[in-house]
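In order, the protein sequences belong to chains A and B.
Quick note: the first sequence, position 326, residue 326 per this note's numbering, numbers continuous.
Quick note: the second sequence, position 266, residue 266 per this note's numbering, numbers continuous.
Don't take each hint at face value.
The list makes no distinction among identical chains, and a pair is therefore deemed to hold if it is satisfied within one copy or across any two copies.
Unchecked claim - Calculated pairs, SDA-like style, for lysine to any residue (alpha carbon to alpha carbon, straight line, at most 20 Å):
#1 K72 <-> P62
#2 K367 <-> V98
#3 K415 <-> R364
#4 K182 <-> W20
#5 K359 <-> K415
#6 K367 <-> L17
#7 K72 <-> Q301
#8 K59 <-> W20
#9 K72 <-> L61
#10 K59 <-> K72
#11 K313 <-> Y246
#12 K367 <-> L75
#13 K182 <-> A23
#14 K415 <-> D113
#15 K59 <-> L75
#16 K59 <-> R219
#17 K367 <-> L417
#18 K59 <-> R27
#19 K359 <-> H320
#20 K59 <-> L73
#21 K182 <-> P19
#22 K59 <-> K313
#23 K415 <-> R32
#24 K359 <-> G53
#25 K182 <-> F21
In short, the hints are calculated from the structure, not lab data.
Predicted, not measured: the structure shown is a model, and the values here were computed from it.
2 protein chains.
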Amino acid sequence: MSDTPRRPGDNTQGNRLDPWFDAYAERAHNLRASEIRALFSVVSRPEVVSLAGGMPNLKDLPLPRLADTAHKLILDHGAQALQYGSGQGWEILRDQLVDVMTYDGITGADPDDIVVTTGSQQALDLMAELFIDAGDVVLAESPSYVGALGCFRARQADVVHVDLDEDGLVPESLEHTIRGLKAQGRAVKFLYTIPNFQNPAGVTLSEERRPIIADICLREHVLILEDNPYGLLGFDSDPLPALKSYSPEGVVYLGSVSKMFAPGMRIGWAFAPHAIRDKLILASEAAILSPTMFGQMFLSQYLADYDWYGQVKSFRSMYHERCEAMLGALAEYMPDCSWTTPSGGFYTWVRLPDGLDAKSMLPRAVKAQVAYVSGTAFYYDGRGADHMRLSFCFPSPEEIREGVRRLASVVNAEKDLVEMFGAGFVPLDGHHDGPATPSSSAH
Amino acid sequence: MSDTPRRPGDNTQGNRLDPWFDAYAERAHNLRASEIRALFSVVSRPEVVSLAGGMPNLKDLPLPRLADTAHKLILDHGAQALQYGSGQGWEILRDQLVDVMTYDGITGADPDDIVVTTGSQQALDLMAELFIDAGDVVLAESPSYVGALGCFRARQADVVHVDLDEDGLVPESLEHTIRGLKAQGRAVKFLYTIPNFQNPAGVTLSEERRPIIADICLREHVLILEDNPYGLLGFDSDPLPALKSYSPEGVVYLGSVSKMFAPGMRIGWAFAPHAIRDKLILASEAAILSPTMFGQMFLSQYLADYDWYGQVKSFRSMYHERCEAMLGALAEYMPDCSWTTPSGGFYTWVRLPDGLDAKSMLPRAVKAQVAYVSGTAFYYDGRGADHMRLSFCFPSPEEIREGVRRLASVVNAEKDLVEMFGAGFVPLDGHHDGPATPSSSAH
Chain A
1 MSDTPRRPGD NTQGNRLDPW FDAYAERAHN LRASEIRALF SVVSRPEVVS
51 LAGGMPNLKD LPLPRLADTA HKLILDHGAQ ALQYGSGQGW EILRDQLVDV
101 MTYDGITGAD PDDIVVTTGS QQALDLMAEL FIDAGDVVLA ESPSYVGALG
151 CFRARQADVV HVDLDEDGLV PESLEHTIRG LKAQGRAVKF LYTIPNFQNP
201 AGVTLSEERR PIIADICLRE HVLILEDNPY GLLGFDSDPL PALKSYSPEG
251 VVYLGSVSKM FAPGMRIGWA FAPHAIRDKL ILASEAAILS PTMFGQMFLS
301 QYLADYDWYG QVKSFRSMYH ERCEAMLGAL AEYMPDCSWT TPSGGFYTWV
351 RLPDGLDAKS MLPRAVKAQV AYVSGTAFYY DGRGADHMRL SFCFPSPEEI
401 REGVRRLASV VNAEKDLVEM FGAGFVPLDG HHDGPATPSS SAH
Chain B
1 MSDTPRRPGD NTQGNRLDPW FDAYAERAHN LRASEIRALF SVVSRPEVVS
51 LAGGMPNLKD LPLPRLADTA HKLILDHGAQ ALQYGSGQGW EILRDQLVDV
101 MTYDGITGAD PDDIVVTTGS QQALDLMAEL FIDAGDVVLA ESPSYVGALG
151 CFRARQADVV HVDLDEDGLV PESLEHTIRG LKAQGRAVKF LYTIPNFQNP
201 AGVTLSEERR PIIADICLRE HVLILEDNPY GLLGFDSDPL PALKSYSPEG
251 VVYLGSVSKM FAPGMRIGWA FAPHAIRDKL ILASEAAILS PTMFGQMFLS
301 QYLADYDWYG QVKSFRSMYH ERCEAMLGAL AEYMPDCSWT TPSGGFYTWV
351 RLPDGLDAKS MLPRAVKAQV AYVSGTAFYY DGRGADHMRL SFCFPSPEEI
401 REGVRRLASV VNAEKDLVEM FGAGFVPLDG HHDGPATPSS SAH
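Same shape as in the complex, but just chain A (with noise of 0.2 Å):
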């Protein structure tokens, strides 16, 4: 996998090879295969414990009641179902999703405020056509989420990362950093968060926080992309109130039932100020003209007929379970690591011993049969070796203990040989006689 992205002009082989290269716009040179797209190959493969993905877990659904749901729907709605919506989505799961976000302290939402998308990347790729001209300034946490900042790379944006502790988002370090920025005349577009159980960090921003949080932006006139996906999987608790709560003009809040539902329909949503929400519309109805009806009233049933909000909470023992099992792995085998502890989500983000590196580590991984995402994947700045990202959210209790069991006999080779070689012996991508590195390529 290539660390830089190909510039217009490079003499690579893209551009002896492309009789288009010439043509592409100048964001296209900005893409390039994300990390964790590149390990799809590998996580397919039976025999490989995967603690790199972040499917959710399907399995508790109520697969038949869902099937005669589906077949009502075509039954009953079907010259609805399967034709063209509106583009800011159907209005009756709009007035359901206000209902949805009041578990997160948003309440009197307005439904002509929400837009409908193609699950809440949909939101999040058309916040950055709307807002980032190449070279503006977008904030994210340290780590984020790859597929951010992979809208945000496609329009050339910079990402400045603020620093992420234990209790989310450090206030000190975003005041500092926007001003930071504006002293040097810079223009900061938004900041982009995922307060709750955080992708890839696990950690949660505190309910202090929050507030803090938001004024910073009110006053700073930064706008902020709250992106909730995980915010009902708290292990034990109800989330705490969303951003949008405490500054409903200055938050733009994306949702998505993909982890508290199923992502199969691609639904997600954003809840903007009007104006914003004007250009959203605008700007969904160039990509995708309107989101799927029939998912959206699948999703409507459901909400409307089933107890989602039980549903949830299965999900939520489910995922602790598995969390409980993963840090309960990683204390008897990895002790030599150290790790957040998720109260809630899909992630723990786990730190290597000095030395090591997680990107050059990865082969040998896959090697021994177990899979994870390398840090590198979630900074825009190269930093993020010395982490690696592990998923509790879809193998079982047992297969997360033997997956962190093997991940514990690759570490510990690794921590020998930089202990008797020194941390730059060991062996880059090629450079060893293990199976080939993850393609970068989409087979």
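Keeping the supplied structure of chain A fixed, place chain B upon it in accordance with the hints.
Positioned in the frame of chain A, the structure of chain B alone reads:
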């Protein structure tokens, strides 16, 4: 509806009411509501005959059987259908789309060069994203699809229209336009074309012209973006060979099931030269992560288990009958107009008598309970007021006749005024006592 896109720094109302106005990217100021979108609130009134929309007519789909298919899909494969999929799209569906494209004369397509998208609109948007820098030229037919013009406008393209006649795009005009632009040093990024049953003009590129158009673009190194949503809906015949079949490396072909099956799952695809396909996948992952797995599997079942081409043939006769109803009514009620004679698709393009303005006439048509789209929507350069697009896809033949009858009364009244007072008389929006002009907001 404003004709002039808002520019940064304009001291407009939006500036004062939107606290984030100063933060938008430059491209965001190019977004505006399409003239079609502005009609949505109007066409939903039951008393209005809408000849405006492009919604396919789904009444003949076998809903009970489709309901069973959805049921079985969730019951047997729910954990896969409700999960994330790959960014490129499901392999099994891509194999089937290769077969669908053989009807367009595309043989031996590699399914690995197909990217499944959220309707072909997303593929259009990704192509704009990948290729258009501000100020770049995109060539399009004269007139062209409003939704494509919106994508190009959002990337600050300069769309240059190329002549279209009853046999489609005029090769001499294409060559002349490209050479003229090149002589000015302009970057021509691609030709956007709808060869079959063009939207809005209803004309089809003749078989003779197809290799000529492909050759001109290859010789001039101009990529072709071939949009083919209506290709299978020729009234009397299978499709002519796609441009892609003449120039595999010079064409990105866009397919859609929205018109040959149904739009409600939002499934389209791009079939692209390999290097462009690489970038399309990356851009699509940044935009939506992955297309709907449920939608893809549902479509796959439909293509595998149903006589889908038989269904296409039944759609053909239905649309043919409606087209006949429209052309008959035009001949009977509007002899002073002229129009194209479609051999498939959804639309005819009607030229008004001299002096009439389709855009300013629209409120009076809506008052008379009939809707159409003003020709101005389909141009980037302000032309088109002498035309309107009439669609025959959705209303019944009886409704179509009644709609044209109502429209004729409006046209005739308008003509009387013009003959009495001259073209300058026709009052502008807001200077008459009819119902409010359809709002350009999303309500």
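Here is what the structure says about each hint:
1. K72 <-> P62: Classified as both: same-chain Cα gap 16 Å, cross-chain 14 Å, threshold 20 Å.
2. K367 <-> V98: neither (47 Å within a copy, 36 Å between copies)
3. K415 <-> R364: within (13 Å within a copy, 80 Å between copies)
4. K182 <-> W20: For K182 and W20, the Cα distance is within 20 Å only across copies (17 Å; inside one copy 39 Å).
5. K359 <-> K415: within (15 Å within a copy, 74 Å between copies)
6. K367 <-> L17: neither (32 Å within a copy, 58 Å between copies)
7. K72 <-> Q301: both (10 Å within a copy, 18 Å between copies)
8. K59 <-> W20: neither (45 Å within a copy, 43 Å between copies)
9. K72 <-> L61: both (18 Å within a copy, 15 Å between copies)
10. K59 <-> K72: between (23 Å within a copy, 17 Å between copies)
11. K313 <-> Y246: Neither. Shortest intra-copy (26 Å) and inter-copy (57 Å) distances fail the 20 Å Cα cut-off.
12. K367 <-> L75: neither (50 Å within a copy, 36 Å between copies)
13. K182 <-> A23: Close across copies (14 Å), not inside one copy (35 Å); limit 20 Å.
14. K415 <-> D113: Neither, since 53 Å and 43 Å both go past 20 Å.
15. K59 <-> L75: This pair counts as between: shortest inter-copy Cα distance 12 Å, intra-copy 26 Å.
16. K59 <-> R219: Answer is neither; intra-copy 46 Å and inter-copy 55 Å both fail.
17. K367 <-> L417: Cα proximity of K367 and L417: one copy only (17 Å, versus 82 Å across).
18. K59 <-> R27: So K59 and R27 fail the 20 Å test inside a copy (40 Å) and across (43 Å) alike.
19. K359 <-> H320: neither (28 Å within a copy, 60 Å between copies)
20. K59 <-> L73: Between copies, since 15 Å is at most 20 Å while 23 Å is not.
21. K182 <-> P19: between (42 Å within a copy, 18 Å between copies)
22. K59 <-> K313: For K59 and K313, the Cα distance is within 20 Å only inside one copy (14 Å; across copies 41 Å).
23. K415 <-> R32: neither (31 Å within a copy, 58 Å between copies)
24. K359 <-> G53: within (16 Å within a copy, 52 Å between copies)
25. K182 <-> F21: between (36 Å within a copy, 18 Å between copies)
Hint violations for this structure: numbers 2, 6, 8, 11, 12, 14, 16, 18, 19 and 23, all remaining hints satisfied.
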